[in-house]
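> The lines below spell out each chain.
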Amino acid sequence: MESIFEKLWRLGPAAFVLKAIVVAVVADALLLAFILLRRAYRKRYFAKRDACVFKWRQKWDDLLSARVPYSAWRANAFDRRIIETIALDGLEAGNPEECARILRFLRFSGLLEKRIFEARRFTGWRRMRALVALGRTRAPEGIPALADALRDRDLEARLAALRGLGRTASPKAAEEILAWVGEKGLVVPTLPLQSALIQCCAEHPQLLLPYVQNATGQLREVLGRVLGEVATPSLGLDLLQFVGDDLDELRAAAARALGHSPSGLAFDVLSELARDPIWFVRLRAVVSLGKLSERRAIPALLRGLTDSNRLVRLRAAEALLALKTEMAPIFQQVVAAGDRYGLHAYLTAVENADVLAKLEEELQSSASLPADEKGRLQNVLRSGSLVAEERASLPDFTGAARP
Amino acid sequence: MTRFLDIWNHTLFWYYLASNLAYLVMLLIALKTSAAHKRKLESYRLHWIADTPLAPPISLVVPAHNEESSIRVAVHNLLELDYPELEVIVVNDGSEDRTLEEMCEEFRLRPVRAVYFAELKCARVRGLYRSSVDPRLLVIDKEPAGSKADAANAGLNAATSPYVCVVDADSVLERDALLRIMLPILADPKRVVAVGGIIRVLNGSEIANGNLRRVRLPRKSIEVIQVIEYLRAFLIGREAWSQGNMLTIISGAFGVFRTDLVRAVGGYRPNAIGEDFDLVARLHKHLLEKRAAYRIDFVPDPMCWTEVPSDLKSLRRQRARWHKGLIDVLWLTRGMLFRRRYGRIGSFALPYLWVFEFAAPVIEILGIVTIVLAAVLGVLSRGFFLQFLLFGYAFATVISIGSVLQEEITYKRYNDWQDVARLVSYCFLEHFPYRQMHMFWRLQGIWQYLRGNNAWAPLKRKGLQSASVP
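Same order as they appear, the protein sequences are chains H and Z.
Letter by letter, the first sequence follows residues 318 to 720 in the numbering used here.
Letter by letter, the second sequence follows residues 265 to 734 in the numbering used here.
No wet-lab data here; the hints were simulated from the structure.
Cβ coordinates follow ideal geometry from the N, Cα and C atoms, glycine included.
One or more of the hints may lead you astray.
Here are the simulated distance ranges between beta carbons [said to hold, decoys possible]:
1. Glu553/Z with Phe395/H: 53 to 61 Å
2. Gly502/H with Ile673/Z: 34 to 42 Å
3. Ala670/H with Leu310/Z: 30 to 38 Å
Work out the full structure, taking the sequences as your base and the hints as a guide.
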């Protein structure tokens, strides 16, 4: 049995080319015909669809209130698809009253039931389409079907189910998702999982705690991140158990979550986390310290200004400005720290917040500062440098052509 | 001599066949993956992504050199993009016109000392300005260095987001382009380090206030041919290469990168001729040497519309520069060829570029010479020659129509019947004499590169303003 290469070789270029020409010309003709036929078909399809959409839009109120009997359209697949699309779009754009009305319509007309059936029975793209539609309804009765689909072999179906459960934003959906990840581990990309859990756990973040404690590896990281996002003061002491965790992500999540906790409890822990060897843990801690709006946080934030990571420095500077306290004493401490990168970050935050003039004014009018100190600070503020000889090494924009 | 000519002509035939077969395989892969991508999108709702608190911030870096006519519209367009956390950094690259003044007036810029450390090499920065109208806008005014790479590096130095997207000031991004381009990153943030979007031809389309109002095919033949080229390159070439994680180029007009990685490889190389290609090649090298599990992806639906040259002189310059850029990168990455540690890039993607991109004009011109010689010596089989021409023509047309089909069944931006009819007609017309001219321009590129003539010459453009409609 000779191979295709041997056949080609034996054929020789001339004979091969003749055949190839025929094939290529036929391919050209087929491609062209396909484009033309498809265009013609789509033109007809869209004209029909637009007419149908218009017809049902005119009767929308009658449809919702069942004055148009369900039997008038349910048997026709084309009409049914269009009515369902209008209803689902309405659910995404409507106010709560309108949404409740549409959902009632979906229930009584049997559309919801049909989608639940399809989500359970179908496979592949048809199942996925049903799952997407079911998710868009946000109906609680769709949760079991969506939860079943989390165990589908097809990744796209699992993702559709996950997104659908996220859309319901219900703790029941959160329980289903958590039970599933507990059983199967991380079998979907992390972001959709996090998004779904954030939406579903927003009301009851406590649901996450046992899973975070028991999970391992990357799943623990993911759940920790979700916890950081949804944590509320109600979690209180529960978060402290993660402060010393081995997992960087979890410490960062705890730092993030503690920003929502009562300040007395969180302050010491956050100050400690602001010294963490991992930069993003320090970053989260600094941001959370800023959220606490406590003067006690100033030393930790000043330390953050001298951090080796520029994002930490910048966030520390922004947190210092967000304290709503007098800026002049803080600026004095920034200058006293003698760190040019920290000074630069602070000045950046001052200028970004457009409070440079205010700081100048505060320095001018400050009664607690001696005159020579005042002059020195004003010089630093104007030049952006700690000492004259350092000016050359810092990016100096003071002489920039003003627009 | 006769024997040599015969062998060479046969070699030419097999080379041509291999090149077109490679493209045919790519077309089939692209058709399959585009269909899958389109189906996948059915389960996404982009506004869900826009609402998630987990969408990572992006810094948009916009190098601008003498863009006074379009900069206002362009910056407004970028600030209005749908994305939850966005920072726009415009780098005024020593413009000699009123680019900076235009921005100052429109966005009420005030000088600031934003976080800026010259981590990546670039020309001296004269000033930094933040907008009082929209604090997300930062403008860097720097001295000219004659390269977009230098300006992009200045922008990278100021970027504070984990992802950076470099866009051209004269391009128009569709409103949801960032949400779409971020999809692969959001799905797998640990592995996906860069994503390229698709570049489409803006010429002929209607623009209102920096937004695309109606997509139309350009009027000039030379522009329509470029539309086909772009469709072929993006919808077939890049789509297929990215499937094998072998994408070697993300267009400089629109691509998202992980900021830390771009900084780790030293940013854009200021003296690179094709800075976008060069950056992606260095990213591959860096990550493969570190044995990192990574992906560089391409997404075919986040669209960036850009103006292409509308006169032969500008097009010639552009294509010669692109070819110089190709040689530049291929030469610098020659050490990656057929080395195991560089995986598919070293053993497949780069050799392909050497053989079917770099060498193509040389082989084509040699082919023409030998055919003429064979005819003169009387050893050319006229029948075979005609068959070969016809075959080449028909096969290349299959690929071109395939790219139009790909656009038709996936994104279908040309709605007008006339536009599609013209587009298909040009699939038949582009092979003569455009293809030969293109070959000649690329040869010029090789010649210029060998002579060290790598100066960048500006292309003639109309600008966004001129394309706008009332």
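> None of the hints should be skipped; say for each whether it holds.
Cross-check of the supplied hints:
1. Glu553/Z with Phe395/H: 53 to 61 Å: 57 Å, holds
2. Gly502/H with Ile673/Z: 34 to 42 Å: Holds, at about 37 Å.
3. Ala670/H with Leu310/Z: 30 to 38 Å: 32 Å, holds
In this structure, every one of the numbered hints holds.
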